[in-house]
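Line by line, the protein sequences give chains A and B.
So for the first sequence, the numbering used here puts the first residue at 1; every next one is plus one.
So for the second sequence, the numbering used here puts the first residue at 1001; every next one is plus one.
FYI, nobody ran anything at the bench for these hints, they're computed from the structure.
Hints may contain errors.
EDC-like mimics (lysine to aspartate or glutamate), calculated; alpha carbons at most 16 Å apart, straight line [claimed, not checked]:
| hint | chain 1 | residue 1 | chain 2 | residue 2 |
| --- | --- | --- | --- | --- |
| 1 | B | Lys-1045 | A | Asp-132 |
| 2 | B | Lys-1101 | A | Asp-84 |
| 3 | B | Lys-1283 | A | Asp-226 |
| 4 | A | Lys-21 | A | Glu-39 |
| 5 | A | Lys-104 | B | Glu-1323 |
| 6 | B | Lys-1107 | A | Glu-136 |
| 7 | A | Lys-280 | B | Asp-1132 |
| 8 | A | Lys-88 | B | Glu-1238 |
| 9 | A | Lys-61 | B | Glu-1110 |
| 10 | B | Lys-1104 | A | Asp-269 |
| 11 | B | Lys-1263 | B | Glu-1237 |
| 12 | A | Lys-107 | B | Asp-1084 |
| 13 | B | Lys-1215 | B | Glu-1238 |
| 14 | B | Lys-1045 | A | Glu-110 |
| 15 | B | Lys-1061 | A | Glu-110 |
| 16 | B | Lys-1045 | A | Glu-136 |
| 17 | A | Lys-283 | B | Glu-1238 |
| 18 | B | Lys-1280 | A | Asp-226 |
| 19 | B | Lys-1149 | B | Glu-1127 |
| 20 | A | Lys-181 | A | Asp-84 |
| 21 | A | Lys-45 | B | Glu-1237 |
| 22 | A | Lys-45 | B | Glu-1110 |
| 23 | A | Lys-101 | B | Asp-1084 |
| 24 | A | Lys-45 | B | Asp-1132 |
There are 2 protein chains.
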Amino acid sequence: MPLKLKDIAKALGLSVTTISKVINNYPDISQTTKKKVLEYVKQNKYKPNLQASFLRTNESKLVGIILPSLNHYFFNSVLEGLVDNAMKNNYMVIVLQSNEKYKKEKKLVEQLLNLNVDGIFITVSQETRNFDHLFEIQKNNKTLILFDKIEKSINCSKVIINDKQAAFIATEHLIKRGCKKILHFRGGLLPQISIDRFLGYRSALEHYKIPYDPKRVFICENGNDDEGYLNAKKVIEEGIEFDGLFAISDLIALGAIRYFNKKNISIPDQVAVVGFSNWKVSKLTTPTLTTINQPGKLMGEKMFDLFLKGFKANKNKEKINFETIIIPSNLIVRNSS
Amino acid sequence: MPLKLKDIAKALGLSVTTISKVINNYPDISQTTKKKVLEYVKQNKYKPNLQASFLRTNESKLVGIILPSLNHYFFNSVLEGLVDNAMKNNYMVIVLQSNEKYKKEKKLVEQLLNLNVDGIFITVSQETRNFDHLFEIQKNNKTLILFDKIEKSINCSKVIINDKQAAFIATEHLIKRGCKKILHFRGGLLPQISIDRFLGYRSALEHYKIPYDPKRVFICENGNDDEGYLNAKKVIEEGIEFDGLFAISDLIALGAIRYFNKKNISIPDQVAVVGFSNWKVSKLTTPTLTTINQPGKLMGEKMFDLFLKGFKANKNKEKINFETIIIPSNLIVRNSS
C-alpha cells in the first residue's frame, strides 16, 4: 500500500496537519521539522495523492478529447499532436469516441465533466444539431476547444482547416492541367467540411469560367473506398463525360482509381485525380495520388496551446480572447494528375 | 460553480453528514429526509464529485495505455477496441506514447500511478531492458496487462499475437506458390516480434527443406516504406537471386513493391510479395497486397476483459489466475502473390 500522510505522522511522532503543511510548503513550520519530514518522505518514496491534491486546487491536469472514430488517419494525427503537447506540459489525455452519434457525444461530455477534467476538445458529430452539452462545458467553467467540424455559434477557441480554400486549390490544379469536365465525389449534405469542399470546387469552376454541372457531383455518405468505386462505375454507366475527379477524401479517390484501373481508363491521361487528406497510403498507391495535405499533428498541437491559454486566463479570472486558428493545407502533386 | 454537499445541507437545514449518508445510500436515515434530499439533488442537478468518491473507494475508473506511437494502424486498432470496451464498462482511457523510449515509458508509468489509475496496458518499448517500473505497477496493487511486445518474466495477464506461427504461414504460402529463393525484410535484432517473425520464416524454410541463406535477410530498423524501397534496391544491386519476399510489415512490403514497379519487375510473376498487418492500404495498392491480418481491435477488447477480471479479483482479495490470450491471425491472399 502506498504511504499516507498519517503513516508519516505516526512514524515521526508529528501531527498529520504538520506533515501536510510541510508537503504543501506552508511557511509556519520550523526548518528542523521541515527537514525531518522531507528526508523521511524522500527515503520512503512518498507519492502525494493527486486526487486529493485535485480536490484542493480544482485542477485535474486531465483533458478529454472526443473523436468520431479512433481508426482514422487524420484524427489519429490530431490525437498524436495533442498527446505530445499535453505530455510536455504534464497533462494527460482521455480519449473517447462518439461514432458520429449525438447521444453518445452528449453522454461523454457529461462523464468528462463529472471527472472534473480541465478542458474538452471536440469535433462535433455528424448527427449533432443541439449544442446545449457544449454550452454546459463552459457553464462548468471548463475550457472548450472545437476543431475540424466546429459549430460557429459557440463562443470558444477553435482550430480548423480552411476546407473551402483547400478544395479550391485542388480543383484549380485540375483546371490548370487542362481538365474541363471535372467530377466531384463529395461527402453528405450536412457536414460543414463536406459543404465547404463542395463550395471550394464550385468557386474554382466559377473563377475559371467553367460551367458547373450538377450531374458531375456524386454524394458519398459513408466515406469508404467502395463508394468511390461504385460512383466511378455509375459515371461510366450513365455515360457522363469527364476528364478530372476531385474526391472529398483519399479513400474515395482510391476507390474510384480502383474502378478506372479495372476499366483500363488511363490516369492521368484520360482522368486526372485529386484526393484530400494526404493519408500515408496516398504515396504508396499506383499511381501515387495527388492530394491535399492536412497537417493533423500541427492541428493537435495548436489545440493544446489554445487550451492552455484559455485555462490560464480562466484560472486567473482574466478576460479570455477566443481565437480561431486556421491551419494552412497544401497541395501535394503526384502521378495521378 | 457546481453544487457542493454543504450547499445542499445549508439549503435544507440538514447536516453535511446527513446529506452524504443519503447520497451514499447509508441505511440509518429516515425515508422523509431521504426523499427530501434526493428531490433537491435531482432538481438542482447535483453531480457527485468523482475525485472525492475515488478517495473513498480507491477506484478511479481510469485506465492508462502506453503505446510506442499514436500514428500506427495496428496500435490505433488496438486503441479503438480498448476504448470501445472501456466505455461500455464506464471506464475512461488515458492514452500516452513512449516513442519507443525507455526513460519516457518509465516516467509515464510513474505519472499514471500518481494519478491512481486502476490499470495500465503496456506494449514495452524497443529500448526497455529493465522492468522495475512494471513490477512497481503491481506493487502499487494496480492491474498490469502486457500486450504485443511483452516481457515474459513478468507475471501478469498478457495478450499477444502468435508472430512465429503467422510468419510461418506467410512464408509457407510463398513456398506453396513455388518460391524457392525467398527474401525476408525483417525488423531490428532485438524486438521480440521481429525475432519471432524471423524464426517463423526460418522454420517454414526448414520444414519445406529449402536452404536458409542469410544473404537473403535484410534488416529494416525503422519500419518505414523507404527502408523497403532501399533494401529492394540493394538486393538488385548486389545481384542476389530471389522469387519471393516476406516483409515484416505492409509498409516495408509496399516500399519494396514501389522499387520493383519502378524496375518493371513483375509481381507476382517474378517476385511474389507478402506483407504483415493488413493495413487498410493493403487492399488499395496495385497490386493489392497479400498479408497477415492482425485483429488489433479484438486484441484491445480482450485486453480490457483481462483487466476487469484482474481488477475484480484484486478488489475482492481473491487469487488472480493470470492468463495469456493468443489472438489468432490469418493470411489474406491478394494479387501480390
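Taking the hints in turn, this is what the structure says about them:
no.: 1; hint: B:Lys-1045 with A:Asp-132; in the structure: holds, 15 Å
no.: 2; hint: B:Lys-1101 with A:Asp-84; in the structure: holds, 14 Å
no.: 3; hint: B:Lys-1283 with A:Asp-226; in the structure: holds, 11 Å
no.: 4; hint: A:Lys-21 with A:Glu-39; in the structure: holds, 15 Å
no.: 5; hint: A:Lys-104 with B:Glu-1323; in the structure: violated, 33 Å
no.: 6; hint: B:Lys-1107 with A:Glu-136; in the structure: violated, 34 Å
no.: 7; hint: A:Lys-280 with B:Asp-1132; in the structure: violated, 36 Å
no.: 8; hint: A:Lys-88 with B:Glu-1238; in the structure: violated, 45 Å
no.: 9; hint: A:Lys-61 with B:Glu-1110; in the structure: holds, 15 Å
no.: 10; hint: B:Lys-1104 with A:Asp-269; in the structure: violated, 50 Å
no.: 11; hint: B:Lys-1263 with B:Glu-1237; in the structure: holds, 12 Å
no.: 12; hint: A:Lys-107 with B:Asp-1084; in the structure: holds, 14 Å
no.: 13; hint: B:Lys-1215 with B:Glu-1238; in the structure: holds, 10 Å
no.: 14; hint: B:Lys-1045 with A:Glu-110; in the structure: holds, 12 Å
no.: 15; hint: B:Lys-1061 with A:Glu-110; in the structure: holds, 15 Å
no.: 16; hint: B:Lys-1045 with A:Glu-136; in the structure: holds, 12 Å
no.: 17; hint: A:Lys-283 with B:Glu-1238; in the structure: violated, 27 Å
no.: 18; hint: B:Lys-1280 with A:Asp-226; in the structure: holds, 13 Å
no.: 19; hint: B:Lys-1149 with B:Glu-1127; in the structure: holds, 11 Å
no.: 20; hint: A:Lys-181 with A:Asp-84; in the structure: violated, 44 Å
no.: 21; hint: A:Lys-45 with B:Glu-1237; in the structure: violated, 58 Å
no.: 22; hint: A:Lys-45 with B:Glu-1110; in the structure: holds, 12 Å
no.: 23; hint: A:Lys-101 with B:Asp-1084; in the structure: holds, 14 Å
no.: 24; hint: A:Lys-45 with B:Asp-1132; in the structure: holds, 15 Å
In summary, the structure is inconsistent with hints 5, 6, 7, 8, 10, 17, 20 and 21 from the numbered list given earlier, while agreeing with the others.
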